[in-house]
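*Asks:* Take a look at the letters that make up each chain.
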Amino acid sequence: MHEYFVTRQLVKIAEDALKDVSFKRVTRIKVVVGELSGIIDESLKFYFDILTKGTILEGAQLKIIPKKALLYCQKCSEYFERTKDFTCPKCLSLGKLTEHGKEFYIESIEVDD
Amino acid sequence: MEIKVIKNILERNQNAAYNIRRLADENKWYIMNVMGSPGAGKTSFIKCMIENLKDVFNIAVIEGDVASTIDAQQIASYGVKVLQINTGGACHLVADSIAEAIDSLALTPQTVVFIENIGNLICPSSFDLGENLRVVVSSAAEGDDKPYKYPIMFEKADVVVLSKIDIMDAIGFDKQRYQKGLEAIKDKDLKLFEVSFRTKEGVEGLIDYFYTLLDSYFKK
Ligand SMILES: [Zn+2]
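Chains A and B, in that order, give the protein sequences.
By the count of the UniProt record's numbering, the first sequence reaches residue 113 at its end, each step adding exactly one.
By the count of the UniProt record's numbering, the second sequence reaches residue 220 at its end, each step adding exactly one.
Derived by calculation from the structure, the hints in this document are not laboratory data.
Only a predicted model underlies this, so the values are computations on that prediction, with no experimental measurement involved.
Watch out, some of these pointers could steer you wrong.
EDC-like cross-link-like pairs, simulated, lysine to aspartate or glutamate; straight-line CA separation at most 16 Å [what the hints assert, rightly or not]: (1) A:Lys30 / B:Glu2; (2) B:Lys7 / A:Glu107; (3) A:Lys96 / B:Asp96; (4) B:Lys28 / B:Glu183; (5) A:Lys96 / B:Glu183; (6) B:Lys180 / A:Asp85; (7) A:Lys24 / A:Asp112; (8) B:Lys28 / B:Asp103; (9) A:Lys63 / B:Glu2; (10) A:Lys24 / B:Glu2; (11) A:Lys63 / A:Asp49; (12) B:Lys4 / A:Asp112; (13) B:Lys191 / B:Glu142; (14) A:Lys102 / B:Glu155; (15) B:Lys7 / A:Asp112; (16) B:Lys4 / A:Asp20.
Chain A with its partners taken away, still in its complex shape (with noise of 0.2 Å):
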């Protein structure tokens, strides 16, 4: 499945970012998933157990942050969550899709030193 592709190119984009640092133990891995970025949180950590094994990255724990998608009214130039239809809960007319909602990428990695 998508998330097995995914979560090797997470596991290496951690790898390289590890590379010049020294540290004990990787302890957490901060992932931010938008809700309309198609990422299944579940599956996720699922692939992370299994692909981390024997890597510098094993027993670390996978943190996934979730943001949820905002639409935009350009009327009351307000964000609101998605209804069922896209229409603004104070005024009714249609909103815009906006970037918040597709967030997908590492933000952070906490290690022991």
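Using the hints, position chain B with the ligand against chain A.
*Replies:* Chain B with the ligand only, in chain A's frame:
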């Protein structure tokens, strides 16, 4: 100690897509990434394009959907190059496999390449394949709420082909609701075609659009 990373996890795929785009630009290939649910009509769309444009343009097909009913032999008999990618049960295509496919197809310059992506409305939208155009085929049979449920797929589309319109009335498809969803996602910069590949309704307009698009691309 916390090490800040802030790195897009799909970066590698984006780099591979960038390379394909550069190569396509040099060779004047026009690559179309055709996406949609299983059974939405991706294959019918590609077949329709081949049948109507093969006498005017060089065409190649990269087949990523194992469920596709494209008959490779029949298509090859039209003089169209076709390659089936073994995706190993994946839910989307990645730019690396498209790069390999393009390489083994030995494309001549000035070729139109159709990529039939895997039938799925979520995963393929996150993976840039270095295409010039994204086509989403969405059938009336899937319901009028598709843009609300899978906004990213539609947001990244340049052209939406709403297929099976001949059954719209029978299933109570609310076209206004569907169009409103697209509007919220894409403003006015999305081309929507309503067609039935079975009754041929609306198909002529679709062919005209692609003919004009490709003709002006290759003349540039
Ligand atoms: Zn409003």
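*Asks:* Hints first: check each against the structure and report whether it holds.
*Replies:* For each hint, the structure was consulted:
no. : hint                : in the structure
1   : A:Lys30 / B:Glu2    : holds (10 Å)
2   : B:Lys7 / A:Glu107   : holds (7 Å)
3   : A:Lys96 / B:Asp96   : violated (33 Å)
4   : B:Lys28 / B:Glu183  : violated (32 Å)
5   : A:Lys96 / B:Glu183  : holds (9 Å)
6   : B:Lys180 / A:Asp85  : holds (9 Å)
7   : A:Lys24 / A:Asp112  : holds (5 Å)
8   : B:Lys28 / B:Asp103  : holds (15 Å)
9   : A:Lys63 / B:Glu2    : holds (13 Å)
10  : A:Lys24 / B:Glu2    : holds (13 Å)
11  : A:Lys63 / A:Asp49   : holds (12 Å)
12  : B:Lys4 / A:Asp112   : holds (15 Å)
13  : B:Lys191 / B:Glu142 : violated (19 Å)
14  : A:Lys102 / B:Glu155 : holds (12 Å)
15  : B:Lys7 / A:Asp112   : violated (21 Å)
16  : B:Lys4 / A:Asp20    : holds (14 Å)
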